[in-house]
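Colleague: Listed here are the chains, written in short residue letters.
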Amino acid sequence: MNRTGSYRALIFLAIQIVLLAGLAAVGRGKSRETAARWSLPPVSNAPLEIPPLYNDPRVVDDAQLAAVLAKLPPRLRGPEPRIYNLDHALRFWGPEARFRDPQALSGGEIADLLLDHAAFAKAWGPKTKPLLMPGVEGLEVRVKDGFASSSHVDHVLSTVAEAGLSLDYPVATPRGRATVADMLKHSLRHFSLNQYEPEFSALVYALHLRSNRPWVSAEGQQITFDRIAERLMRDPLTDGVCYGTHRLYDLTVLLRADEKRHLLSPECRTRIVGYLQNATARLVASQRRAGYWDKTWDNSTTSAPADEAATTADSLSPQLVITGHVLEWWALSPQEIAPPCDTVIRAGQWLVRTVGDMEPKQVEEGYAYLSHVGRALALWRGNYPAWFLKHLPAQN
Amino acid sequence: MSLPIGAERQPCVTPALMPVLSTRWALAWRHMGVVAGFCGLFLLFDLLPLDDSRVWLNVRHGRYIVEHHALPVADPVQPLAEGMPFVATGWLAQVALALADAAGGPQQVANLLAAFGLLGALLLARAFYLRSGRLSLALAGLAIALLAACSTLSPGCPELTGITCFATLLWLAAKVQRLDAEPDCDTDRPSRTMWLVWPAVAVLFATWANLHNSFFVGIALLACLAIGRLVEVSVAERSVVRALGNRSAQRWILLAEGALLATLVNPYGVNLWLDGLGMQWQELLASSGDGLSVSSFPGMMFLLSLAALAVVFRYSRRRVQPAEVAILAAFGAAVVVTGHAVPWYGIAFVFAISPHVGHMLEARRGHATPSEPHRSFAASLACLLAIWCAFAFSPASQSLLGRERSGSNPGLYRAFPWGVAEYLRAHPPQGLVFAPTRWTNGFAWACPAEMGFVMTSDADHVPRRVRIDCDSVVRVRPGWEQLLRKYNVDTLVIDKQRHPDLAATVRRPERWNIGYEDDAALVVRAARAAPQVCPIQGGCCDEHRPGSTSAPVRRGRTSL
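Protein chains in written order, with the working numbering: chain A, 1183 to 1578; chain B, 59 to 618.
Worth flagging that the hints you see were computed from the coordinates, not collected in a lab.
Just so it is clear, CB atoms sit at the ideal spot from N, CA and C, and this is done for glycine as well.
Some hints could be false.
[To be verified] Incomplete in silico selection of chain B near chain A, CB under 7 Å:
#1 G141
#2 P143
#3 G303
#4 E315
#5 V328
#6 R522
#7 R523
#8 V524
#9 R543
#10 K544
#11 N546
[As the list claims (entries may be wrong)] Pulled a few chain B residues facing chain A out of the computed Cβ check, cut under 8 Å:
#12 L138
#13 M142
#14 Q308
#15 L332
#16 D333
#17 P521
#18 D529
#19 V531
[As the list claims (entries may be wrong)] Taking lysine to aspartate or glutamate pairs in the DMTMM-like style, the calculated list, with each CA pair at most 25 Å apart, reads:
#20 A:K1212 with B:D333
#21 B:K233 with B:D529
#22 A:K1442 with A:E1412
#23 A:K1311 with A:E1322
#24 A:K1367 with A:E1215
#25 A:K1326 with A:E1546
#26 A:K1253 with A:E1278
#27 A:K1311 with A:D1298
#28 A:K1311 with A:D1364
#29 A:K1477 with B:E568
#30 B:K554 with B:D529
#31 A:K1572 with A:E1322
#32 A:K1367 with A:E1319
#33 A:K1311 with A:D1327
#34 A:K1212 with B:E420
#35 A:K1212 with B:D576
#36 B:K554 with B:D576
#37 A:K1212 with B:D109
#38 A:K1477 with B:D576
#39 B:K554 with B:D577
#40 A:K1309 with A:D1244
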């Protein structure tokens, strides 16, 4: 090889080194970019509190409230307590509640049954599949797999958040210790905008995420609160968990959380307000004379709203579900969304009367949705059921 | 007229007609045959309906780019794809198609694609000619390449632009290989052709990267040529280090690297590579299950090519070059993994073996030099006539010659439900439209931009859950109506032949209203009563507020 050839070889080698170095630098940069893209958003250890906004004794007075709450202690002690009752009870009463009724579980016991595998296995037997299962990323909760599993995606997690338990709250799984944060991690990563029942996931994120920083789901989709809100508003009004009423609650929580953490874009916020105002208007128009709502609460039927349908055992359940959930939602709703007071008063008084007339067996069977009724009435008195448990001891 | 008395009649002398043009322009009659063949090919490309519906989706995407003067950040046709990674690979082709569509509708799109197809065919023929040295072999090779392409691709497919770029690359590679074959190829003074090849390759790959994501095929071909040349020189020099100093080996390596760098000239930079590799990987995963079936036409073509390869390598006295082995191995492996690689393999196969076939024929003929064909300007004029006839008969001349053509949108694919498109235009749905993806692509082109569809043929752009749910709907699985409500679908377009169960199930007036029906398609709208909307009559919030008997419980961190 002559001198020119040597120079050429050197230049060639130099070009190769530069190219390889460039490729390595690009690869490293992209690797970091990918890692950042796939990282989860910052979370707050303690869930955000969304306190009730109103206190109206015309909706339910002290005596009525005490009577309703007295009918709804979590009498769930015994073998095989259903998970959907346990998580509703924890959300209703909170983790610190204690009752004189020996059949009623304390808040701490309920939390243990949900979050401690040893307590769960003791109640359900060792052969039952565990409720909490460590997954590839985080901690998975078994869903829709019988009474020993959660009834909705992320329902246990949202219950825990609404009950005020922090992310570092210990969780015991069959394979060792974890925390609630691991449950949230799994939820965030496996969330899909198009999943069945996104309501409870949305609620958890509104309560725990500190900012509107997007994250990427397992499907590769970038998730933002705007998209979550749009997803919630996409279904027909009465579709969804509990006849679509959880969606209204979630959107209101999103609005309230947005006031503190700026989770939504102004356009999306405006859309949510309009959507909820529309829902309120439909509810006001479709309320039955007695004060309740039924499955046609979106005012989509041509029958006159004042027409009273004959209340049967079958129809009572959806009436209680919808009326309880709607009052619970309105208790958190800002003024611009709230209905006329007469609507709320009529609904509250109907709930008081109906629950008062219910037999213990009926209460036991409908405990999950009656917990919403009790919570709704308490919220309309400006506080949580646990507070009234302490301040209305005669009813305990 | 009478002559004067005594005058003699003089013979009339007319000058002989002498051509002013150089004899270079005189063609042989066999050239006329070739020109007529290419004219026929253009007519075929231009008249065939564009059966690949993706072309209309590309037009729609291109329309978005033209209207917004920006690349879309999410799929503009599939609202459910919002938030999913989206790279507009082929945006340049999409813009070109959209401009053609704006200029003259589907026919202009077909004209553009026909021009692309013709250019690709010409370049392929030229590349094969440079490799084999024979016109007949070049045309035979082109026929094989077209057959391979037609085995898996439809007219108007987006891959057409990529294949044209690939043909250009093969032509350039054949030119460079000719330079390599020259005795002074390793001199320090590069030829003028080589100086032109460098920018040509750079421009080609920069364009290719913006036209279609198949540019990786070109990189693979250059890599095979570079590796092959390096091996060849290493064997000759008995040293890899020395081979690295060889000018020809360096040239191929640098060409491959330069081509790779040129592909970075795109709006997405390196992300285009990552997206392209991701798509290739997904395609591999998707096709790895079924692979190339031996009983299929592409599979039989592949087996035939292997048999032909064995015969050619057995009887060819030309030394098999490492680059040819590398090309056949790489593209053959690609075919084994995915049937989508058949067109590329077919072209690369002809490129690799054509010199050997040429050599075989030459050896058979002996040393007798072929007679130079008789050239005449009559043949040249006949060629021009053929070109004019092809142009005049093709729809491409419509705008120039001003003829009215019967039938609307002759370029659109067969079995496109025009009636449904017109119905959707007349009755725009409020929610999303669920339709077979093949039809959705056409609807995206034919319907207003505001109309959203659940899924087009770009199914990989939407989340996996959507794809699973769409499958459940067409199979009428339990809860399929709830799935549609979940996606806010209020219009369902059903292919009656392909989804008869779904077509039968939706004929329920309480749930669905039939909006349109013909022999092939059924359109139903969700039977939802329009709910009455009532304004809120006053508020009571201020009434509720006062007299709070208890402050909300402040719950801090709770740890039991």
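Colleague: For the restraint on D529 (chain B), tell me whether the closest CB of chain A is nearer than 8 Å.
Modeller: 13 Å, violated
Colleague: Can the hint on V531 (chain B) be confirmed by a CB-to-CB distance to chain A that is less than 8 Å?
Modeller: 13 Å, violated
Colleague: With 7 Å as the cut and Cβ atoms as the points, is P143 (chain B) at the interface with chain A?
Modeller: Interface hint status for P143 (chain B): holds (6 Å vs cutoff 7 Å).
Colleague: Was the hint right that E315 (chain B) lines chain A, CB cutoff 7 Å?
Modeller: 6 Å, holds
Colleague: Given the hinted pair K1212 (chain A) and D333 (chain B), is their alpha-carbon gap at most 25 Å?
Modeller: Distance of about 12 Å is within 25 Å: holds.
Colleague: When you check the alpha-carbon spacing of K1311 (chain A) and E1322 (chain A), does it fall within 25 Å?
Modeller: 13 Å, holds
Colleague: Does M142 (chain B) pass the interface check with chain A, least Cβ-Cβ distance below 8 Å?
Modeller: 5 Å, holds
Colleague: Min Cβ distance, P521 (chain B) to chain A: is it shorter than 8 Å?
Modeller: 4 Å, holds
Colleague: Take the C-alpha atoms of K1442 (chain A) and E1412 (chain A), compute the straight-line distance between them, and say whether it is at most 25 Å.
Modeller: The hint holds at about 20 Å.
Colleague: Does the CB of K544 (chain B) sit less than 7 Å away from some CB of chain A?
Modeller: Holds, about 6 Å.
Colleague: Given the hinted pair K1311 (chain A) and D1364 (chain A), is their Cα-Cα distance within 25 Å?
Modeller: 19 Å, holds
Colleague: Is the hinted pair K1326 (chain A) and E1546 (chain A) satisfied, with a Cα-Cα distance of at most 25 Å?
Modeller: Between K1326 (chain A) and E1546 (chain A) the Cα gap is close to 21 Å, so the pair holds against 25 Å.
Hints 16, 18, 19, 21, 31, 34, 35, 37, 38 and 40, counting from the list given before, are not met by this structure.
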